[in-house]
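Please build the complex by placing chain B on the supplied structure of chain A, with the hints as guidance.
Chain order of the listed sequences is A and B.
Numbering-wise, our numbering comes out as the position in the first sequence, counting from 1, plus 34.
Numbering-wise, our numbering comes out as the position in the second sequence, counting from 1, plus 34.
Hints should not be assumed to be uniformly reliable.
What the hints assert, rightly or not - Here are the computed lysine to any residue pairs in the SDA-like style, where the Cα-Cα straight-line distance is at most 25 Å:
#: 1; chain 1: B; residue 1: K79; chain 2: A; residue 2: K166
#: 2; chain 1: B; residue 1: K151; chain 2: A; residue 2: A202
#: 3; chain 1: A; residue 1: K73; chain 2: B; residue 2: D76
#: 4; chain 1: A; residue 1: K151; chain 2: B; residue 2: G126
#: 5; chain 1: A; residue 1: K79; chain 2: B; residue 2: N154
#: 6; chain 1: B; residue 1: K132; chain 2: A; residue 2: K108
#: 7; chain 1: A; residue 1: K151; chain 2: B; residue 2: I161
#: 8; chain 1: A; residue 1: K132; chain 2: B; residue 2: G126
#: 9; chain 1: A; residue 1: K108; chain 2: B; residue 2: E47
#: 10; chain 1: A; residue 1: K73; chain 2: B; residue 2: I104
#: 11; chain 1: B; residue 1: K108; chain 2: A; residue 2: P49
#: 12; chain 1: B; residue 1: K141; chain 2: A; residue 2: K166
#: 13; chain 1: A; residue 1: K132; chain 2: B; residue 2: N114
#: 14; chain 1: A; residue 1: K73; chain 2: B; residue 2: R83
#: 15; chain 1: A; residue 1: K166; chain 2: B; residue 2: D155
#: 16; chain 1: B; residue 1: K37; chain 2: B; residue 2: L54
#: 17; chain 1: A; residue 1: K79; chain 2: B; residue 2: K206
#: 18; chain 1: B; residue 1: K151; chain 2: A; residue 2: N105
#: 19; chain 1: B; residue 1: K151; chain 2: A; residue 2: L135
#: 20; chain 1: A; residue 1: K108; chain 2: B; residue 2: L69
#: 21; chain 1: B; residue 1: K73; chain 2: A; residue 2: R72
#: 22; chain 1: B; residue 1: K162; chain 2: A; residue 2: Y160
#: 23; chain 1: A; residue 1: K162; chain 2: B; residue 2: L54
#: 24; chain 1: B; residue 1: K206; chain 2: A; residue 2: K166
#: 25; chain 1: B; residue 1: K73; chain 2: A; residue 2: F157
#: 26; chain 1: B; residue 1: K108; chain 2: A; residue 2: A202
#: 27; chain 1: A; residue 1: K108; chain 2: B; residue 2: K141
Don't read these hints as lab results, they were simulated from the structure.
So you can see what is in the structure, the chains are spelled out below.
There are 2 protein chains.
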Amino acid sequence: MLKGRIIFSMDEEIPQHVLLKISGYFHGIKIGYPLLLRKGIDGVKEILRKLEINEIIMDLKLADIDNTMINIVKQLDFANSFIAHSFIGIDGALGELKNFLDNNGKKLYLLASMSHKGWNDDFYPYIKTVIKSLNPYGIVAPATKPNVIRIVRDDFPDKIIISPGVGAQGGKIGDALCNGADYEIIGRTIYTSSDPENKVKEIIKIQEEKINECKKTST
Amino acid sequence: MLKGRIIFSMDEEIPQHVLLKISGYFHGIKIGYPLLLRKGIDGVKEILRKLEINEIIMDLKLADIDNTMINIVKQLDFANSFIAHSFIGIDGALGELKNFLDNNGKKLYLLASMSHKGWNDDFYPYIKTVIKSLNPYGIVAPATKPNVIRIVRDDFPDKIIISPGVGAQGGKIGDALCNGADYEIIGRTIYTSSDPENKVKEIIKIQEEKINECKKTST
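Chain A with its partners taken away, still in its complex shape:
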């Protein structure tokens, strides 16, 4: 099955037969506290058990001291990757978390920016130094801010960039990819569709078309 450059954001439980049908099209699934609290750890494991996806990303926006973050990720060993806030800094926080994840074969994504209006991008120079110094597996940059994705791609040519804010939050499908993201994080657009499988196929087609278009423009 052809996989799209899609990370499926599952904030709500969707029927198991629908999920089974569409999960093959996704590179990964992103899960946050809303679903984790509602279903519990065992409930989430059960939902994920039968799916064939490459990466399970826990989007907990980790932003605490080292001990607390490590205590949290230890309990979620079914996941491959964790998203944390760059803003909290390294010593006594992200540094120790990164070591723990490295030693346990897990990946760290750091937030470069967020999609909502109130996020202050004046602090990006500081965030950039944190990311440079920590060398995480990937970076999160929002589809709602194409210029931010381009800057992050310029600053970190070799990092995986994943991009939320596509669809319901305003980003258009494929645009984040054209601006330098590797995967688009899409949720509501898929699970609120009356025909999720067709919707996913449509998204993959749009992503391919957009990528082909922007390849042409850039050469």
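Frame of chain A, contents of chain B only:
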């Protein structure tokens, strides 16, 4: 029973008979994701059911977009208060969270700073503008940084200030109170003691002595 200026930080489950014996001495209990994930929402409710405390504070270091944070706090309606990160900003994040909490009789605490070394206090001027503009119930400022507590108390004379980092992380009992905090958040010092009830009484005594001392010094 005499209540100390203590918020008990419960990161691990402690035996119910011990908790029943000591909880009367606490103003509040602070619970984070480590215990919440381990016990689940119903498990935490069960632990709290018989306790006589004034305030249950969920220390989730909320740092996400509005929808996600509101989805989380909605599920935790047994709590009185929630701690969030100031740095995520207001529009599309803290503003909507604050409205939701206000409308549901819940309190918001905002972080002014954190206790670990890597936290960058250069951003306090920005954080201060966020707190001023949002007018939360209370503020979190670490016992490990007495000068930060004094600045926050100066900037926000009427706000409740709660102070973590007492004990295991290095802050001395009573010092945060002398510097302007209203409550000290204490965990490990109590639950790793061989006699938690006596430990709590000892802490309350030290708090009172320190407060009397610093009252003398400041007059």
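Hints, verified against the model:
| no. | hint | in the structure |
| --- | --- | --- |
| 1 | B:K79 <-> A:K166 | 42 Å, violated |
| 2 | B:K151 <-> A:A202 | 38 Å, violated |
| 3 | A:K73 <-> B:D76 | 12 Å, holds |
| 4 | A:K151 <-> B:G126 | 6 Å, holds |
| 5 | A:K79 <-> B:N154 | 37 Å, violated |
| 6 | B:K132 <-> A:K108 | 31 Å, violated |
| 7 | A:K151 <-> B:I161 | 16 Å, holds |
| 8 | A:K132 <-> B:G126 | 29 Å, violated |
| 9 | A:K108 <-> B:E47 | 16 Å, holds |
| 10 | A:K73 <-> B:I104 | 17 Å, holds |
| 11 | B:K108 <-> A:P49 | 22 Å, holds |
| 12 | B:K141 <-> A:K166 | 37 Å, violated |
| 13 | A:K132 <-> B:N114 | 33 Å, violated |
| 14 | A:K73 <-> B:R83 | 22 Å, holds |
| 15 | A:K166 <-> B:D155 | 20 Å, holds |
| 16 | B:K37 <-> B:L54 | 14 Å, holds |
| 17 | A:K79 <-> B:K206 | 42 Å, violated |
| 18 | B:K151 <-> A:N105 | 19 Å, holds |
| 19 | B:K151 <-> A:L135 | 20 Å, holds |
| 20 | A:K108 <-> B:L69 | 12 Å, holds |
| 21 | B:K73 <-> A:R72 | 13 Å, holds |
| 22 | B:K162 <-> A:Y160 | 18 Å, holds |
| 23 | A:K162 <-> B:L54 | 48 Å, violated |
| 24 | B:K206 <-> A:K166 | 35 Å, violated |
| 25 | B:K73 <-> A:F157 | 37 Å, violated |
| 26 | B:K108 <-> A:A202 | 21 Å, holds |
| 27 | A:K108 <-> B:K141 | 30 Å, violated |
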